[in-house]
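Asker: Chain by chain, the residues run as shown.
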Amino acid sequence: MEHIVLATDLKKTYRPPHQAPVEALRGVTLNVEAGEMIAITGVSGSGKSTLLHIIGLLDQQTAGSVSLRDTDPSKLSDSKRAKLRNREIGFVLQDFALIPYWTAYRNVEVPLIFAGKKRKERRERIEKLLLEFGIPELAKRRVSQMSGGQRQRVAIARALANDPPLLLADEPTGALDSRTKEEIMGIFRELHGQGKTILIVTHDPQIAAMADRILTIRDGVIVDA
Amino acid sequence: MRRCDMNLFLFLPRKASQWLVFLVSIMASVGVTFFLIAFICSFSQMSVMFRLANDWHLSETLVYSTDRMFSLSEEEKLAEHDRILSTDGVLDVDNVSFYSFTFAGIDEELPEKFLNYSDSLLKDIRYVLVEGSYPSKDQKNQILLPAYDMKYCKVGDTLTGYDNTSGYVDLRTAVSTPIKVTVAGFFADQPTLNPWSGGGLIAMFSRHTGAFASGIEITYGIAFNFCDESGDVLPSKHTDVFLIRTNGSVPPGQVMENLTSVVDSPALLDTGNEMIEDYIESNKEEIGETISLGITAVILAFSILISSTLLELVYRRKEMATLYLCGAPWSKCLWTVLATYILPFVIGFPIGLLIFAKSAEWHLFYNLQPKLEVSDVLVTLGLQVLFLAIAILPFRFSAKFKTPYELFRKD
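Order-wise, the sequence lines are chains A and B.
Position 79 (the first sequence) corresponds to 79 in my numbering; numbering is contiguous.
For my numbering, count along the second sequence from 1 and bump the result up by 1000.
Please keep in mind that the hints were generated in silico from the structure rather than gathered at the bench.
For each residue, glycine too, the CB sits at the ideal point set by N, CA and C.
Nothing false has been slipped in among the hints.
Pairwise CB distance ranges, derived in the manner of DEER restraints: (1) B:Tyr1315 <-> A:Ser67: 34 to 40 Å; (2) B:Glu1131 <-> A:Ser79: 47 to 53 Å; (3) A:Pro17 <-> B:Ser1359: 46 to 52 Å; (4) A:Lys120 <-> B:Ser1359: 45 to 51 Å.
All chains should be modelled from the sequences, with the hints used to inform the complete structure.
Answerer: What follows is the structure, encoded as C-alpha cells:
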C-alpha cells in the first residue's frame, strides 16, 4: 500500500508570549496508507487539531518529521508548500472556512484558481462537483444565505476541487444538527468508498465508528490505536 | 498573468457595504493625494528662496545699498567698492550691474533689462533652465531670457539689440549702434508663494527693494559677455547694491562692524542671515499655510488611509486564512486582499492630482499657486506608498507570530 502520510516522532511546542510553553504534541508517530479512513479522537486540548494542521501543512512541527507522499514539506519554501497543499490536500472544517459573501461557485473556484486552471476547466469542474453534492441550484447563492448543511457541502466540494488524494476534516459535523450530520457522514462514507484517504478529527463516536482506525490522543501522545 | 488577474478581482466589492467602503477608500485616497501634493508644492515653492540663498552663499554674504535718495556717480560707486574690498574679512565685492537693451522682435515697446553675470557674484546662481544651456566663459553676447519670451524667439536665434543702458531708446528714433546677441536658453519662472511679491531674488531683499527696483529685476534676463562689434566690453550700469562676500576668517557679524565705518549708509548694510530672517518674518503666512497643509495630509493619511488599511487587513485575516487553506502562500493571501486597497489608490491618486491642478482656477488656497511638477508628483507618490507600507508592515510583522492556521484552532 502507498503511504500518503508518514509522521515520525512529531513534537510541537507553543510558546505564547508571557506564558509557559505548551507541549501540544509530544512524539506522535503515524502512518496513513492510501484509501484509509482514520478518526482521531481525544479531549479538547489533547493535540489532535495540531496534528491535523501539521499534516495539512498549515503549521510546522517543532521536532520530528512528516512526509506527504514521500515529499518532506519542511524542506520546501512557503510557496512550494502552498502548491503541495493545493494539489494534495483538501480541508473540511467545523466552521466551514468559506467566504460568506461569495457564492458557492466562487468559493469552490478558489483552489482551482490557485492551481492555475483555465476558466472553462474551472467551470466544468465546479458544475460537476456541485451536481455531485446535490447543490447545483446553490451555485449563484451567497454562502451567508445557506444552511449549515449546505455550507458544509460547499466546503467539501471546495476541498475536492483539485481532486486531492488526502482529505483532512476537523469536526466536520460539529456545527450541524443530527439530520444534516447524517447527510455529511454519508458523503464521507461515499468518498471513502471512492478510495479517498480521510483523516477526521472528531469527538463524535458515530463518526469515529465509520473509520478504519481510531486513534486516541491524550496530552500530545497517541494512547490508543 | 491570468492567475494574477484573477487574484486581483477576487476581492472586488460584492455587496453594498463593501462598495461603500470602496468608495470611501477612493475618497480617502483623493483627499490624501490632494493635501500631500499641495503640501509638497507649497514646500518646494516656499523653499525656492532658501535654495537661492544657499546657492548665493547668503549666510556668508553681506548686502549693502547706498542711500537710494543719494544717487552716486559711477566713479563714487567704484570708489566705495574699493573701500569695501580693502576691509578686513572681505573676500570679494561686487556692485551689481545691468544692461538695458531694446530688441527688435521681442517687444518693441519695452526695454529689456539684463543682469550682467560676467562681473557679478550673481554668476554663482544657476536658475533652472526650461530650454537651452548656460553659455561658456568664452562665448560672447549671449543671453538667457525668461520663459515667457519663448513666444518671441527660440534657442540659437540671433537678435538685434539697441543699447539703452544710459537712457531710454525709442526704436523709431534709435541712433545707438545695434549689437547682435544669441539666445542661449530660457530660464523657468521663479515661483514664490505670492506672485505679487516681486518674484525671484527680490523677495529675499525686502530691505533693498528700492535699490533693486532701480533696475535689476532678475526675471528680465541675464547677459553674458556683452561686447561691441570691435570686441570691447560694453559698459554696464552699476546699481546701488553691493554684494559682499566674507573670507571666512572673520564672522559676518564682525565684518559688518568693520564695514560700518567704511560705507556711506551703514543702516542699509545687512548680513545674509538677517535677510533670511526678514524673509521668514514677512512670509509667515505662507509658511503657516505649508505647515497646515502638511499636518492635514498626515492626519488624513493616518486617520483614514493607514487606519482603514490596517483595520481591513485585521478584519479580513480570516479570509486570508481561507485562501491559505486553499493553497495560496501567505504573501499572496496578503496581496490578494491588499489589491482591493491598491485599486482605490490607483483611481484616487490621479483624481487627487487633477483636483489640485484645477484648484488653481478655483482659488482654493490663500497663497499657494497650484502647479503640477513631475518631481512633486513623484514625491507624493512615494509618500503614499510609504503610508501604505506603514499600514501593512505591522500586520506583516504580526503574521510572523500568529500563523493563519491558528484562526482555525478551537482547542
